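Peer 1: Those protein sequence lines, which keep their order, are chains A and B.
Going by our numbering, the first sequence opens with residue 1, and the numbers climb by one from there.
Going by our numbering, the second sequence opens with residue 1, and the numbers climb by one from there.
Be careful, since some hints might not be right.
Unchecked claim - Negatives, chain A to chain B, calculated, CB over 10 angstroms: (1) Gly144; (2) Gly232; (3) Leu285; (4) Ala289.
Said to hold, decoys possible - Calculated lysine-lysine pairs in the DSSO-like style (CA-CA distance at most 27 angstroms, straight line): (5) Lys132(A) - Lys248(B); (6) Lys137(A) - Lys332(B); (7) Lys78(A) - Lys137(A); (8) Lys317(A) - Lys137(A); (9) Lys124(B) - Lys171(A); (10) Lys32(A) - Lys317(A); (11) Lys386(B) - Lys171(A).
Since the hints were made in silico from the structure, they are not lab data.
Nothing here was measured: the structure is a model prediction, and the numbers come from that model.
The beta carbon of each residue, even a glycine, is placed where N, CA and C say it ideally should be.
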Amino acid sequence: MKFMKAAVIGVSLFALGGAAQAGETFDAVKKKGFVQCGVNTGLPGFSIADSKGVWSGIDIDICRGIAAMVFGDASKFKATPLTTQQRFTALQSGEIDVLTRNTTATMTRDTTLGLMSTGVNYYDSQGIMVNKNLGVKSATELGGAAVCVQPGTTTELNLADWFRTRNLDFKPVVINSPDEAMRSYVAGRCDAFTTDKSQLATMRSTLANPDDNVILPENFSKEPLGPMVRQGDDQWFTAVRWVLNTMLEAEEYGITSKNVDEMLKSPNPNIQRILGVTGEMGKGLGLDAKWGYNIIKQVGNYGESFERNIGQGSAMKLERGLNAQWQDGGLMYGWPVR
Amino acid sequence: MATNASPPRPKRRLSWNDPGVRSFIYQVLILGIVGFIVWYLVSNTLHNLAVRNISTGFGFLDREAGFAIGESMIDYTPADTYGRAIWVGILNTLRVSVIGIICATVLGTLLGIARLSKNWLVSKVASAYIEVMRNIPLLLQLFFWYAVITEVAPGPRQALHPMAGVFISNRGLKLPSLAGDGMDWVMGGLLVAIIAIVLAGHWARKRQEATGRIFPLGRVAVGLIILCPVLAWLISGASLALDMPELKGFNFVGGITLSPEFAALLAGLVIYTSAFVAEVVRSGIMAVSQGQWEAAGSLGLKRSRVLRLVILPQALRVIVPPMTSQYLNLTKNSSLAVAIGYPDIVSVVNTTLNQTGQAIEGILIIMAAYLTVSLSISIFMNWYNKRIALVER
């Protein structure tokens with residue numbers, strides 16, 4: 001059982017030596033020669049392994065970016081698939097170095113779990129999907145509905161909050177496995193299915209008749225999804241934070257995995273700093289000057305990663321929406337590499 | 001001549017050769033080691049949690065839970081505390097366990113007797129049932145029953161409506177319920193009936209021992225159970241109304257619900273466990289030798305009384321201890337509920353420990369809950385076992 005695994009990881013906290021201290025994660029990662037990322041057990045577009053065991057997704061790209069930054073080789077990572085229940089304990093106990101698993105950054109997680117969010121690589125929101133033949137146009141018409149939901153995330157809370165504030169009644173049906181939860185929805189046990197909208201889009205695309213289901217316009221929540229590290233190693237935190245920022249900056253300045261070699265000759269000082277042509281940006285991270293070049297060359301910029309995994313180049317065909325660059329009206333705003 | 005009955009006790013000396021001293025030292029040592037390991041684990045855990053800035057303690061139980069629970073035996077809203085949410089989960093676990101244990105015992109006993117039947121068809125059907133059901137993993141059976149119930153039953157708008165107030169759909173079985181002030185009186189009447197039956201049982205046994213006359217306790221008990229609540233309600237003159245379920249919007253309102261999750265879990269647990277119970281019952285009956293039947297028969301006892309007075313007491317001695325294990329298994333297996341969405345303790349604590357991040361406390365609560373329930377069952381069954389055990393003289 002998944003739950004038992006969570007229990008085992010939890011209990012492993014009993015046995016760990018009391019040694020893990022500040023600054024150690026970065027050194028330990030460099031020493032063992034690869035980065036251990038906690039990832040989703042299988043969410044197309046975010047992190048999923050193909051039939052050969054090769055991982056892909058925008059979360060995986062962050063993990064590969066970290067590997068490229070630290071080792072100059074994007075393949076030097078290992079993925080640990082984790083359920084929603086296992087993920088925090090795995091990070092807390094040191095089983096993984098970084099959590100890149102479509103995880104919502106919240107205050108509780110930053111304050112009581114001993115974790116830190118390093119940024120947002122996908123702005124999501126919780127939505128709700130219903131069958132077309134219910135004739136529902138808005139979630140406000142769902143009073144009294146049975147709603148299938150998966151446990152162990154903020155999803156259950158958002159759902160209850162949203163209905164509570166509108167004085168609407170609902171019956172949650174909480175089912176652990178995503179497949180079983182989806183089957184119950186398709187079988188009509190629930191009137192509606194709720195999770196993050198990106199996941200709804202993915203799950204809908206796998207149904208026999210995707211067009212029979214509509215995702216209602218309401219947003220139940222804000223879901224800033226991003227990587228997390230445990231507290232206590234600021235250097236490691238900084239490294240993970242700047243992988244994403246570098247990918248965003250690269251997109252903004254038009255550096256792609258294809259043109260990165262030509263861009264080395266670019267006169268633009270921003271591009272020169274990102275690619276390590278001038279300045280010593282890597283030094284502060286304890287890395288060589290090529291760190292930015294390696295990320296972009298091997299993983300690509302944020303836009304490339306998005307389109308390849310969840311955008312127009314993928315089966316999901318999600319719009320950029322909130323995740324567009326800030327000049328295009330989105331929320332993606334890379335901090336300056338300077 | 002010395003008349004001392006016992007030789008003078010040798011003076012005790014602290015010597016390794018003294019077995020008493022040796023075993024004392026061993027025990028102190030073992031206790032010390034165990035104590036040290038426990039202390040080490042606890043203090044190390046607390047230290048690790050503190051170093052990682054993970055908050056600890058059970059303070060979260062008083063905080064607002066914020067999540068909804070699908071079915072509950074007590075009033076619960078998301079505005080209630082985590083403590084109450086967990087209590088809801090415990091009650092849900094108890095509900096499915098108690099009903100499951102009763103049903104599995106009845107079904108299992110019937111199957112066990114059926115397997116011993118001289119009727120070829122009956123005994124083969126029972127054997128086949130037992131062999132199939134106890135050899136399929138319970139989790140698979142749960143998925144199977146849940147899929148059957150949700151896929152086969154119609155939606156709420158096309159619900160089957162066999163009689164007034166009864167609806168069958170993939171939202172569960174809807175039944176009318178009793179409501180109104182009269183309910184308290186009815187419950188009071190039921191309590192009176194139960195007390196009366198217990199007293200009557202005592203009196204009947206005393207009388208039978210004294211005079212040999214037999215009192216028809218069974219029929220009287222049935223009469224009391226029906227009569228007392230009805231009388232109490234009539235005397236009180238209080239109102240009692242049927243709360244009829246009706247389709248409103250997406251779902252039914254009013255009445256009581258047997259949810260598909262509960263039904264699937266109960267079906268799975270009962271069908272799986274009854275196969276084991278059947279074998280336990282069969283072994284118990286087969287353990288009583290044929291001579292007992294014949295001896296009792298030769299005293300002129302009827303077959304039903306032979307079974308009740310002679311065979312069953314002896315069979316029970318064999319049946320009860322393994323039956324305890326089956327009851328414990330059923331209770332613990334109910335934690336598989338999380339797979340099909342029944343909000344039992346594991347499911348509720350799962351959500352709780354994810355919202356609060358307090359995994360160790362959550363798991364401790366689950367362990368404490370199961371331990372309490374299991375030990376209670378154990379204590380009750382051990383007491384019952386002692387009561388029915390053969391008194392050797």
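Peer 1: Please work out if Lys32(A) and Lys317(A) have their alpha carbons no farther apart than 27 angstroms.
Peer 2: Status violated; Cα separation ~38 angstroms.
Peer 1: Verify the proposed pairing of Lys78(A) with Lys137(A), using a straight-line Cα cut of 27 angstroms.
Peer 2: Violated, because 44 angstroms separates the two Cα atoms, which is more than 27 angstroms.
Peer 1: Is Lys132(A) close enough to Lys248(B), meaning Cα to Cα at most 27 angstroms?
Peer 2: holds, 19 angstroms
Peer 1: Is Lys124(B) within 27 angstroms of Lys171(A), Cα to Cα?
Peer 2: violated, 44 angstroms
Peer 1: Within a Cα-Cα threshold of 27 angstroms, do Lys386(B) and Lys171(A) meet the stated pairing?
Peer 2: violated, 46 angstroms
Peer 1: Decide, holds or violated, for the assertion that all CB atoms of chain B are farther than 10 angstroms from the CB of Gly232(A).
Peer 2: violated, 7 angstroms
Peer 1: For the pair supplied as a hint, Lys317(A) and Lys137(A), confirm whether the alpha-carbon distance does not exceed 27 angstroms.
Peer 2: Holds, at roughly 23 angstroms.
Peer 1: For Ala289(A), is the shortest CB-to-CB distance to chain B above 10 angstroms, so the non-interface label stands?
Peer 2: holds, 34 angstroms
Peer 1: Between the alpha carbons of Lys137(A) and Lys332(B), is the straight-line distance 27 angstroms or under?
Peer 2: Distance of about 43 angstroms is beyond 27 angstroms: violated.
Peer 1: Take a quick look at Leu285(A) and tell me if its Cβ sits farther than 10 angstroms from every Cβ on chain B, holds or violated.
Peer 2: The assertion about Leu285(A) holds, with a minimum of 24 angstroms to chain B.
Peer 1: Is the Cβ of Gly144(A) farther than 10 angstroms from every Cβ of chain B?
Peer 2: Per Cβ check, Gly144(A) is inside 10 angstroms of chain B; nearest 4 angstroms; violated.
Violated hints for the displayed structure, listed by number in ascending order: 1, 2, 6, 7, 9, 10 and 11.
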